[in-house]
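Note that our numbering has the sequence shown beginning at 208, numbered continuously upward.
Some clues are possibly wrong.
Said to hold, decoys possible - Quick list of the computed label-pair ranges, beta carbon to beta carbon:
no. : residue 1 : residue 2 : range
1   : GLU212    : CYS242    : 21 to 29 Å
2   : ILE273    : GLY332    : 20 to 28 Å
3   : LEU257    : GLN319    : 17 to 25 Å
4   : ILE310    : PRO216    : 30 to 38 Å
5   : ASN260    : GLN313    : 42 to 50 Å
6   : VAL276    : PRO216    : 17 to 25 Å
7   : ILE273    : ILE213    : 32 to 40 Å
8   : CYS242    : LYS284    : 19 to 27 Å
Unchecked claim - Derived SDA-like pairs: lysine to any residue, alpha-carbon spacing no greater than 20 Å straight-line:
no. : residue 1 : residue 2
9   : LYS264    : ASN219
10  : LYS243    : GLU331
11  : LYS335    : HIS241
12  : LYS264    : LEU221
13  : LYS264    : HIS283
14  : LYS335    : LYS243
15  : LYS230    : LEU247
16  : LYS271    : GLU300
17  : LYS230    : GLN329
18  : LYS269    : LEU306
19  : LYS269    : GLY302
20  : LYS264    : PRO224
21  : LYS230    : PRO214
22  : LYS335    : GLN319
23  : LYS230    : VAL336
24  : LYS271    : ASP343
25  : LYS284    : GLU331
26  : LYS271    : LEU305
27  : LYS243    : ASN255
28  : LYS269    : TRP226
29  : LYS335    : ILE213
30  : LYS335    : ASN255
31  : LYS230    : ASN308
32  : LYS231    : LYS243
33  : LYS230    : ASP343
34  : LYS269    : ARG325
35  : LYS230    : ASN255
Hints in this document: simulated from the structure, not taken from any laboratory. We put the beta carbon where it would ideally sit given N, CA and C, even for glycine.
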Amino acid sequence: MDSTEIPLPHINSLTAPYWESLKKGVLSYQCCAHCKHAFLPPRSECPNCLQDNLSWKAASGKAKLISWVVFHIAYHKAFESRLPYNVAVVELEEGPRLLSNVIHIQDAETLQIDQPLRLVIQQEGEFKVPRFEPFDPH
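The task is simple: from the sequences and hints, build the whole structure.
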């Protein structure tokens, strides 16, 4: 891999359903049949009750902003052209949290805790990735 290429995800039997759903334009998360806990990233057992009876569910695409950081230094060459960029913790309406980016903003100063967001699936090299944009639900 060239040092200017984005690091690629490691896809295996556990993570493949997540990436396959994104290819189809859907963000999926896992849900436990036993305790109903919904979560990301994919795991072989529920992080809440440790049962292994899990299913994949489609997210609505509605989310809220939990936290974020703005990077002004690229710790990987592939991100130099994106400076400054944000990395955000986003909570899906269904409960799972994931790391992503908030896009379509003028400045990270406009971001707010609990800000409503909606899913935007974008192409990143050969992969589709979930990102989020501000959304006014009213």
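Here is how each hint holds up against the structure:
no. : hint                          : result
1   : GLU212 <-> CYS242: 21 to 29 Å : violated, 40 Å
2   : ILE273 <-> GLY332: 20 to 28 Å : holds, 27 Å
3   : LEU257 <-> GLN319: 17 to 25 Å : violated, 36 Å
4   : ILE310 <-> PRO216: 30 to 38 Å : violated, 19 Å
5   : ASN260 <-> GLN313: 42 to 50 Å : holds, 45 Å
6   : VAL276 <-> PRO216: 17 to 25 Å : holds, 21 Å
7   : ILE273 <-> ILE213: 32 to 40 Å : violated, 24 Å
8   : CYS242 <-> LYS284: 19 to 27 Å : violated, 43 Å
9   : LYS264 <-> ASN219             : holds, 19 Å
10  : LYS243 <-> GLU331             : violated, 32 Å
11  : LYS335 <-> HIS241             : violated, 31 Å
12  : LYS264 <-> LEU221             : holds, 15 Å
13  : LYS264 <-> HIS283             : violated, 33 Å
14  : LYS335 <-> LYS243             : violated, 27 Å
15  : LYS230 <-> LEU247             : holds, 17 Å
16  : LYS271 <-> GLU300             : holds, 7 Å
17  : LYS230 <-> GLN329             : holds, 10 Å
18  : LYS269 <-> LEU306             : holds, 15 Å
19  : LYS269 <-> GLY302             : holds, 10 Å
20  : LYS264 <-> PRO224             : holds, 10 Å
21  : LYS230 <-> PRO214             : holds, 18 Å
22  : LYS335 <-> GLN319             : violated, 26 Å
23  : LYS230 <-> VAL336             : holds, 9 Å
24  : LYS271 <-> ASP343             : holds, 11 Å
25  : LYS284 <-> GLU331             : holds, 16 Å
26  : LYS271 <-> LEU305             : holds, 11 Å
27  : LYS243 <-> ASN255             : holds, 9 Å
28  : LYS269 <-> TRP226             : holds, 19 Å
29  : LYS335 <-> ILE213             : holds, 13 Å
30  : LYS335 <-> ASN255             : violated, 28 Å
31  : LYS230 <-> ASN308             : holds, 18 Å
32  : LYS231 <-> LYS243             : violated, 25 Å
33  : LYS230 <-> ASP343             : violated, 26 Å
34  : LYS269 <-> ARG325             : holds, 5 Å
35  : LYS230 <-> ASN255             : violated, 28 Å
Checked against the numbered hints listed earlier, the structure breaks hints 1, 3, 4, 7, 8, 10, 11, 13, 14, 22, 30, 32, 33 and 35; every other hint is satisfied.
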